[in-house]
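J.: Chain U is already provided as a structure; the job is to place chain E on it using the hints.
One-letter residues, chain by chain:
Number of protein chains: 2
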Amino acid sequence: MASTELNVNARRYKLPAQPTVVVCVDGCEPDYLAQAVATGHMPWLKRALAQGSGLIAECVVPSFTNPNNLSIVTGAPPSVHGICGNYLFDTASGTEVMMNDPKWLRAPTLLAALAEAGKSVAVVTAKDKLRRLLGHGMKGICFSSEKSDQVTLEENGIEDVLGLVGKPVPSVYSADLSEFVFAAGVKLMQTRRPDVMYLSTTDYVQHKHAPGTEGANAFYTMMDGYLAQLDAMGCVIVLTADHGMNAKVAMDGTPDVIYLQDWFDAWLGAAQARVILPITDPYVVHHGALGSFATVYLPSGTDVEAARSRLQQLKGMEAVLTRAQAAERFELPADRIGDLVAVSERFTVIGTSASRHDLSGLDAPLRSHGGLSEQRVPLIVNRPLPGLDTTRRFRNFDAFELALNYAQ
Amino acid sequence: MASTELNVNARRYKLPAQPTVVVCVDGCEPDYLAQAVATGHMPWLKRALAQGSGLIAECVVPSFTNPNNLSIVTGAPPSVHGICGNYLFDTASGTEVMMNDPKWLRAPTLLAALAEAGKSVAVVTAKDKLRRLLGHGMKGICFSSEKSDQVTLEENGIEDVLGLVGKPVPSVYSADLSEFVFAAGVKLMQTRRPDVMYLSTTDYVQHKHAPGTEGANAFYTMMDGYLAQLDAMGCVIVLTADHGMNAKVAMDGTPDVIYLQDWFDAWLGAAQARVILPITDPYVVHHGALGSFATVYLPSGTDVEAARSRLQQLKGMEAVLTRAQAAERFELPADRIGDLVAVSERFTVIGTSASRHDLSGLDAPLRSHGGLSEQRVPLIVNRPLPGLDTTRRFRNFDAFELALNYAQ
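Going down the list, the sequences are from chains U and E.
Going by this note's numbering, the first residue of the first sequence is number 9, and it counts up by one from there.
Going by this note's numbering, the first residue of the second sequence is number 9, and it counts up by one from there.
Bound-form chain U, shown alone (with noise of 0.2 Å):
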C-alpha cells in the first residue's frame, strides 16, 4: 500500500508507525482508576497521566458491551455499525434473537481495514460472544480467552495460546478471564510484535467490586503490570472503557428493580407490550440481566407519546425516549429499537417481570450499567497528543483517532 492513511466509515486515520494497542476495560468507570491510583495501586498509571494524555469520554447508549466495543472498532456510533445490544427483537418473526452473529453489522472495522492495508492485527477478548464481531473480515489473529483452548490457524490465525501465555484456560466467571487478556497481549508484543492489537477485557470484577476496594484495586494492580510491559516495549497505548459501573440497589441492599413488564401488563393487559432487555445474554450470574436500559414494543394503535409520559413519571426513570428522539439522541438503528426507549437512573435497574428474573446467582450487592450514569468512560494515552482540541466532546470511540492521529 502506498497510501499512508485509511478512511473507515468516513474518518480518516493514519497508519501506525509504531506498535499500538487500544485497550476496552470492560466497566471501568473513571473511579476505578482514581481510588487505585490515589493509593499507590497503579504506578505505571500514574506516570502515564502526567506524561501522557488523561481525558474523559463518553460511551455509547446502551451502555452495554457489544454496542461499544463495535463503536471502537469501528469509530462509529452503533446508527452506523448496527449493533445496538445483546438482543434484538425480530418483529418479523416474533422472536428474540442474539445480535452475537456478523450478520446483523452493517459497517467495516478499522481492524479488518488495517489488516487489509498490510497492518499485522491481533484481537484477544474475554469472552468468545465478542470474538466473532470484532474478527468480522478481519486477517490476522483474534481469539478469546474464554475458548484459548481451541484455537485454530484456519479460524484464529494462531495455534497454541495455551503454550505461547503459559496459562490454563480461565473461568468465564473470574478476574483471569482479564488477566488472561492481557498475558496474552503481552506475550503476542514478545513475539510478533503486531502493527495494532486490541485487548477486550470482561467486567466480572467490576459487577462485585466497587471503585477503591480490595477486590477492586487487585484487579488494577494486576492491569497496570500488563500496561508498564507494553509501555516499556515501546507501544503507544490508548486505555478506554465500554462503559461504567454503578451499584444499583435500594437501601435494604437488594437490587432496585422497576419491574417493567409487569408494569405494561398492569397498565395495558398481560403481554400486550413486549419490553427488551439488551443487557441479556448467557452470561448473567453476576448481573441477573439487570442493567439500566430497556427498549418497548407497544401494540399497535398505543398513543406512543401518551405512553413515554406516563412510563417517564415513574420513579427511577431517568428518561424515557420514543423511537425517534432515542435514535437521535443516542446514535441507534431506528430499526432495531422498540417505540419506547427507558433508561434508569443511577441506583435503579429495569427488569422485566420479577418470575423471569433469578437473582439467585448475585453474592454481592448489584453493580450494574446500561444507563446515562455509566456514560463517563477513561480514555487515556501514554502520549501527549499535540494538537488536538481538549475541549471537544470525547467519545470512547475516538480511541484509535487519537492514537494514530495524534499520538504516533
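Don't take every hint at face value.
Which copy is meant is left open, so a pair is good if it fits within one copy or across any two.
As the list claims (entries may be wrong) - DSS-like, lysine-lysine: derived pairs with alpha carbons at most 30 Å apart:
#1 323 / 155
#2 137 / 195
#3 323 / 54
#4 323 / 22
#5 323 / 127
#6 111 / 323
#7 127 / 195
#8 137 / 54
#9 54 / 195
Just so you know, the hints here were simulated from the structure itself, not pulled from any lab data.
T.: Showing chain E alone in chain U's frame:
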C-alpha cells in the same frame, strides 16, 4: 394547650403522642445504608426497613449541612428560612460573612413551636456551628458534642452532659463527634424521655470513606446500635440526611477542581467577578472548602445570560443558572445568592483560586457534596405510614411531617 395541632411555616403538624426522634445523618448517601445492610452491618435498619418505611427523598441544593438542617427543622426550603449556605456575601459591606448567627434566620423552627406548645424538646448536634441556629427561640435542651464540656442550664437547658453521657469531649475531626450525639440521645431518652428529639451528626467519616468500606461500615454499625436502643424505648424514629456524598477526583487521584475565580479573572480581569463558595467554614481540613456549588457576583454591566451560557460550556459543569432561575428551581432566597449559581457534576468540585485552597490536610481522595449529584438522601421511618401517597416527591424536610402526621 388544648390544640392537638401546630401550624408552622404554612404546614400543619399533629403533636407527638409518642417520643419522636428525627436523626439527620450528615452526608448519608443512601448507598452507605444499602451496602451496610447488604453485608449484615445494620441489623436494626434491616428490620426497620422491612417493618417500617424506606423512602428516597431530595435534599435542598446547595446540598450543604446548614441549609438542609434548617430546612428539616423548619419544614421549609431556604427561600422561607433564609439559610442558603455557611457563607454569605454581604453586598452592602462588600465582605463575606458567616451565616451561623440566628439573625439570618427568617422563619421559626418547628422545634421552637413544639416547645411552645408544651412539648419537651432536646437537640444534640455534632458541631457547635449549627447549635445556635437550630435552638433559636426554643425552650429545652440544646447542645453540641463539640462543646459538651461547656454547657450551662441557662444557655443549653442542661448541665453536666459529660457526666450524663459518660464519655470525654470528642475531637472535632473524628467519628466520635457523631457517636457522642447518638450516645447523648440514648441517655437523654433513658433519663428524661423528651417528646421530641433532633439529632444531627457530622460527615467526617463520609468525607473519607466510601459506601461499603470498612471505615463506613464501622460508623453505620455504631449508629445502628444506638438507633436500636431508641427503638426499643418506643420511639418513632425518622432517619434522613442533609446531603449525599461522592468521590470528587480526577483519574490521577487528585481533586477534580474547576478554579472558578481564576477562570473569571482570566476572562474579565482580576477580581472583577467574585466567586463565593458557601461550603466554606472554619472546619475545612477534610474537604479543603471544595464542593460542587458556587455563586458568582458579576461586575455591573455584565451580560448575565451571556456569562451563564459561557460558564455552562465548561467541562464538569452540570447546571449554571441565573439568580432568578436558581431562586425558583432550588427555592433559594434571591437576595442572598449571586448573579449566577454554578453546580458542578458528580466527580467535579468548584474552587475559587488555586492559590487559596490548602489541600495539604486531605489524607484521602477527596469526597464532597454541594451539587445535584448529592441530592438523593434517605427518608426512613421505623413505622408504616398509612395513608401516605408514596408516589409524591419527598424532601428531607418532610421528616417531621411523616413522623408527626403519619407514623404516630
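J.: Each hint should be assessed against the structure and marked as holding or not.
T.: Against the structure, the hints:
1. 323 / 155: neither (42 Å within a copy, 42 Å between copies)
2. 137 / 195: within (23 Å within a copy, 61 Å between copies)
3. 323 / 54: between (40 Å within a copy, 22 Å between copies)
4. 323 / 22: between (48 Å within a copy, 29 Å between copies)
5. 323 / 127: neither (51 Å within a copy, 37 Å between copies)
6. 111 / 323: Neither, since 38 Å and 39 Å both go past 30 Å.
7. 127 / 195: Intra 18 Å, inter 75 Å, cutoff 30 Å: intra-copy only.
8. 137 / 54: Answer is neither: 33 Å inside a copy and 39 Å across each miss the 30 Å cutoff.
9. 54 / 195: Within one copy only: 24 Å inside a chain, 50 Å across chains, cut-off 30 Å.
Checked against the numbered hints above, the structure breaks hints 1, 5, 6 and 8 and satisfies the rest.
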